[in-house]
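Colleague: Given the coordinates of chain A, assemble chain B onto it according to the supplied hints.
Chains as they are written, first to last, in this note's numbering: chain A, 1 to 296; chain B, 1001 to 1184.
Hints were generated in silico from the structure; no laboratory data involved.
Every residue gets a Cβ at the ideal spot worked out from N, C-alpha and C, and that includes glycine.
A few of these clues could be false.
As the list claims (entries may be wrong) - Only some residues are given here: those of chain B computed to face chain A with a beta carbon under 7 Å:
| hint | residue |
| --- | --- |
| 1 | Ile-1133 |
| 2 | Asp-1163 |
| 3 | Ala-1174 |
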Amino acid sequence: MSRSLRGVALAAALLLNAPTAFADRDVRESAQVHPKGEVEVSNIAGSVRVTGWDRDVVEVTGTLGSGVEDLEFRTEGRYTLIKVRMPRNGRSGGSDLEISMPASGRLTVGTVSSDTTVQGVQGALRLQTVSGNIETDVFGEDAQLKTVSGDVIVQGTDEAGLLTITTVSGDVGLRDVRGEIVVQTVSGDVEAESTELERARIRTTNGDADLRTGLASGARFEMEAVNGDLTLTIKGEPDAEFNIETFNGDIRNDFGPEPVRTSRYAPGRELRFSERDGSARVGIKTLNGAIILRTD
Amino acid sequence: MNDEDSLMQRARRLPGEIPPRRDLWSDIEARLRTPEPAASAGAGWRWFALAAAASVIMAVAALTVLHTDRQPTLPAPAPVAVSTDFPAPFGPAYSLGPQYQVARAGLAQDLNSRLATLPPETRASVLRNLEAIRAAVAEINAALADDPGNVLLQQLLLTTYQDELAVLADVQDATEKLPKRNEI
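The shape of chain A in the complex, shown without the other chains (with noise of 0.2 Å):
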């Protein structure tokens, strides 16, 4: 064959191989690790589902998106490492991974817009993403979810444990979750149901939040906000002292004294009461939001 033509057999060749090029990629790689060892994975764009197994065993399956250049997978001693890696200054499509690991270990998960899904990973949790949603259940473990426009969801599993939410303007849903919660964001609603709590921090800056939830014996809740709305909801007989107070919003409450007026020339109002022993603390405070209390 000339080299003229080889050159025109290597030109067909490229274009007859350029969907495959860039076509998505199926993977699957799998390792042997300890039960409760760390898993990080790290995936700009696409979908990242993980699943705790009671196997001690890593395994990802998935596709990887056009582009992409290959997915890193190692471990070491008791960490292991799925990363997607993306080409230097190159362009790429979104990356899908599925990935089931042992219950009792650790997660670390790192986005930009991936969506991140954990279900049934009993270890510490640190789940962080840009813009993408986080939906995961949480036990006994302390988790770390952070997002900035994501939107994130908590299923708890009645079991305490120390659960800290950040986002900026993403919405958080809390749901089953007991011990500790600390949620803090600027315009995000937050909405989260709970049998009891013993500690709970919710501070929104223009962001509404509704907390319905038992109070633990000796609980401390506080919620703040600029000029969202805070709504709590007591179930049960409530046994606390109650410290609420706003600059320029409503009180509403179903049970306590009335609200009275803070000055005889400035609009707040705060309302301080204290119901049986007032064993547990409520402070609620707002700038112009309103502040509804009331019981389940």
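Modeller: Frame of chain A; chain B shown alone:
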């Protein structure tokens, strides 16, 4: 000296001109005049082949551009301009001290370039929320100007400043620790 004389004598003995053993020009002239039909056809095919290869490569390039344009990717950095230099008043007569200013300056450093690496919607969201925090700070400070001793306002102002630090820290965290193309 003797060596040099000997060398010169040997050089003088060399012939002044060496005639070719046969007449080369007649062969060269004959080859120049003789047409080569096979060679001409090869040249034409070569041009055609090169053109075809070029068009195929262009097609591949076009397909590549079309294909990659459809893929979700991180946005190219966009110019962002948000002021990171403003005072932090705490009521009518005070401002937050140098430690706070240092902390905020540190977090706000390179804020614009960091924001530029975020997805556009997220970037817009962060800017909106920073603006909301600063509006809240201004509103609380205005209220404090009328009621400087109000403890609730002081508490809210402090936590609102903390919110701002938290957002700045989140932006720094998101752009530093999360995977980026440049560091992979």
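Colleague: Could you run down the list of hints and mark each one as holding or not?
Modeller: Quick rundown of the hints versus the structure:
no., hint, verdict
1, Ile-1133, "holds, 6 Å"
2, Asp-1163, "holds, 5 Å"
3, Ala-1174, "holds, 5 Å"
Checked against the numbered hints above, the structure breaks none of them.
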